[in-house]
Amino acid sequence: MPAKQKTAVVTGANKGLGREICRQLLADGFRVILTARDESNGRAASERLATDYPDIEFFAVDVTVQSDVDALRHYLDDRYQRCDVLVNNAGIFPDPRHDLDNPWPSILTANIDTIRLGLETNTYGALRLCQALIPLMQANQYGRIVNMSSGMGQLSDMNGCCPGYRISKTALNVITRVLADELQDTDILIN
Numbered sequence: 663m664p665a666k667q668k669t670a671v672v673t674g675a676n677k678g679l680g681r682e683i684c685r686q687l688l689a690d691g692f693r694v695i696l697t698a699r700d701e702s703n704g705r706a707a708s709e710r711l712a713t714d715y716p717d718i719e720f721f722a723v724d725v726t727v728q729s730d731v732d733a734l735r736h737y738l739d740d741r742y743q744r745c746d747v748l749v750n751n752a753g754i755f756p757d758p759r760h761d762l763d764n765p766w767p768s769i770l771t772a773n774i775d776t777i778r779l780g781l782e783t784n785t786y787g788a789l790r791l792c793q794a795l796i797p798l799m800q801a802n803q804y805g806r807i808v809n810m811s812s813g814m815g816q817l818s819d820m821n822g823c824c825p826g827y828r829i830s831k832t833a834l835n836v837i838t839r840v841l842a843d844e845l846q847d848t849d850i851l852i853n
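Counting from 1, position 178 in the sequence shown corresponds to residue 840 in the numbering used here; the numbering is continuous, with no gaps.
Derived from the structure by calculation, the hints contain no laboratory data.
All values derive from a computational prediction rather than experimental measurement.
Distance condition first, Cα-Cα at most 16 Å in a straight line; then the derived EDC-like pairs of lysine to aspartate or glutamate:
1) K677 with D700
2) K666 with D717
3) K666 with D739
4) K668 with E719
5) K677 with E709
6) K666 with D746
7) K668 with D690
8) K677 with E701
9) K677 with D724
10) K668 with D739
11) K677 with E719
12) K668 with D717
13) K666 with D690
14) K668 with D746
15) K668 with D849
Modelling step: build the complete structure from the supplied sequences, incorporating the hints.
Written out as structure tokens, the structure is:
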């Protein structure tokens, strides 16, 4: 593989939107590191994509585990000396599901551990990846970061539903804005 080939990391990419993002990046000529916390599902997704796109690799990462994130950073640095694109797609919906017998939880009665679980994956996980991989982008004077948020994280669309998810996505939006400000004089863009 040519040294100049751009390398993209997509978290939470073993299914759905994450896997499709990988497919589109591969179709655009990127080398893609597909990550997922479940090794079996992650490898299976990577192998399915590899039938059409050989420039894909799987790397097991649980974004809530700092040592997993550190291992990914060392792997990228040792093997490619770069990370050009980071898509923080890993996420969970921690709030209990709503049905006729169980209304959405109120912030007044929300379980703090549920909120903490949402923050750990949806917010701190993305921040861990940014802190680990932005130095590789800075070394190459280029980077693109996409933090996958939600309309439920917008202050203009706030209501009492789903506090664990809403709080985590609102906090992710804040991290995205703060990083964009700190990186504004570089060729590293984040949204």
